[in-house]
Structures are given as structure tokens and as C-alpha cells.
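J.: Its first residue numbered 1, the sequence shown is counted upward by one per residue in the working numbering.
Hints should not be assumed to be uniformly reliable.
[What the hints assert, rightly or not] Straight-line alpha carbon distances no greater than 25 Å define the calculated DMTMM-like cross-link-like pairs of lysine to aspartate or glutamate that follow:
(1) Lys51 to Glu104
(2) Lys51 to Asp14
(3) Lys62 to Glu48
[Unchecked claim] Between beta-carbon pairs, the in silico distance windows are:
(4) Lys91 to Lys36: 27 to 35 Å
(5) Glu104 to Glu21: 49 to 57 Å
(6) Ser54 to Val96: 29 to 37 Å
(7) Asn10 to Gly44: 28 to 36 Å
(8) Glu104 to Ala64: 13 to 21 Å
(9) Val97 to Asp71: 39 to 47 Å
(10) Arg45 to Asp71: 57 to 65 Å
(11) Asp3 to Thr40: 49 to 57 Å
(12) Gly44 to Lys22: 31 to 39 Å
(13) His67 to Ala105: 48 to 56 Å
Rather than coming from a laboratory, the hints here were simulated on the basis of the structure. Bear in mind that the values here come from a model prediction, so they are computed numbers and not experimental data. Cβ coordinates follow ideal geometry from the N, Cα and C atoms, glycine included.
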Amino acid sequence: LDDSFMGIFNASNDINQVYAEKFRENIIGYVVQWDKIVSTRIEGRLIEFRKMRSSYAHYVDKVAGLHEKADKQKAKSKQVPKTASPRLANKLERNVVKLSGAEEAHDDYG
Numbered sequence: 001l002d003d004s005f006m007g008i009f010n011a012s013n014d015i016n017q018v019y020a021e022k023f024r025e026n027i028i029g030y031v032v033q034w035d036k037i038v039s040t041r042i043e044g045r046l047i048e049f050r051k052m053r054s055s056y057a058h059y060v061d062k063v064a065g066l067h068e069k070a071d072k073q074k075a076k077s078k079q080v081p082k083t084a085s086p087r088l089a090n091k092l093e094r095n096v097v098k099l100s101g102a103e104e105a106h107d108d109y110g
């Protein structure tokens, strides 16, 4: 046993090195692993959200275009769009339902 100042300093340094290594293994290693897991989950959720956002934006544009088309037909024929073009009215109705579903999914998710 070395009771000199240098001996005590070296022993203390050795113990600190052991603790530092344990800290790196247990704490830093855990944080790095946690970061990877959380980042992966967040990226996955962002991908899903972007898909829902894209679907929602698609139906917003599509329904707006169909409404515009129906309004033009109505203006030309002076009739209600269903009477003027049942096919367009059905298409509009289907897409409004799809828009509603996309909007609900988007709002619930984000």
C-alpha cells in the first residue's frame, strides 16, 4: 500500500477511471439506445402523418374541383347539379365522404 501523495492520487485516478467507464456503459449507452428507439418511433409517426396529410390535401383539392365543376354545370343548365349530372353528383358525394374520413383521421392523428 502506497501512502504517498502520488500513490493516493494514482489509486483515486484508477477508481475514477472505473466509475467513468461504468457511467459510459450504463448511462450514456442507455441514452444512446433510448434516442435511437425514440427517433425511430417519431420518424415512423411522421411518415404516417405525412401520408394522412397528403390524403387529406388530395381530397380537399378534389372536392373543391368537383364543386367548381358542379357549379359550372348548374350555371349552364340552371338546374340543381344532381339533375344536371347524376354521375358528377354521385362522384362529388363519394369524395365528400372520403374527405370527411381523411379529415377525421388527420385531425385525430395530428
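J.: Range hint 31 to 39 Å: satisfied by the CB atoms of Gly44 and Lys22?
T.: Because 33 Å falls inside the window, the suggested range holds.
J.: Check the following: the C-beta atoms of Glu104 and Ala64 are separated by a distance inside 13 to 21 Å.
T.: Roughly 18 Å apart at Cβ, these two residues keep to the hinted range, so it holds.
J.: Check the following: the C-beta atoms of Lys91 and Lys36 are separated by a distance inside 27 to 35 Å.
T.: violated (46 Å)
J.: Would the hint linking Lys62 and Glu48 be met if the CA-CA limit is 25 Å?
T.: holds (21 Å)
J.: Okay, Glu104 versus Glu21 on CB: inside 49 to 57 Å?
T.: Holds - the Cβ-Cβ distance for Glu104 and Glu21, about 53 Å, lies within 49 to 57 Å.
J.: Given a hinted range of 28 to 36 Å, is it respected by the beta-carbon distance of Asn10 and Gly44?
T.: violated (50 Å)
J.: Taking 48 to 56 Å as the stated bounds, is the beta-carbon spacing between His67 and Ala105 within them?
T.: Violated: the Cβ-Cβ distance is about 22 Å, outside 48 to 56 Å.
J.: Taking 29 to 37 Å as the stated bounds, is the beta-carbon spacing between Ser54 and Val96 within them?
T.: violated (18 Å)
J.: Need the status of pair Lys51, Glu104: alpha-carbon distance at most 25 Å?
T.: holds (14 Å)
J.: Within a Cα-Cα threshold of 25 Å, do Lys51 and Asp14 meet the stated pairing?
T.: Roughly 54 Å separates the two Cα atoms, so the pair is violated.
J.: Lying within 39 to 47 Å: is that true of the beta-carbon distance Val97 to Asp71?
T.: Violated, since Val97 and Asp71 (Cβ atoms, about 20 Å apart) do not stay within the stated range.
J.: Holds or violated: the 57 to 65 Å window for the beta-carbon distance between Arg45 and Asp71?
T.: violated (38 Å)
Hints 2, 4, 6, 7, 9, 10, 13, counting from the list given before, are not met by this structure.
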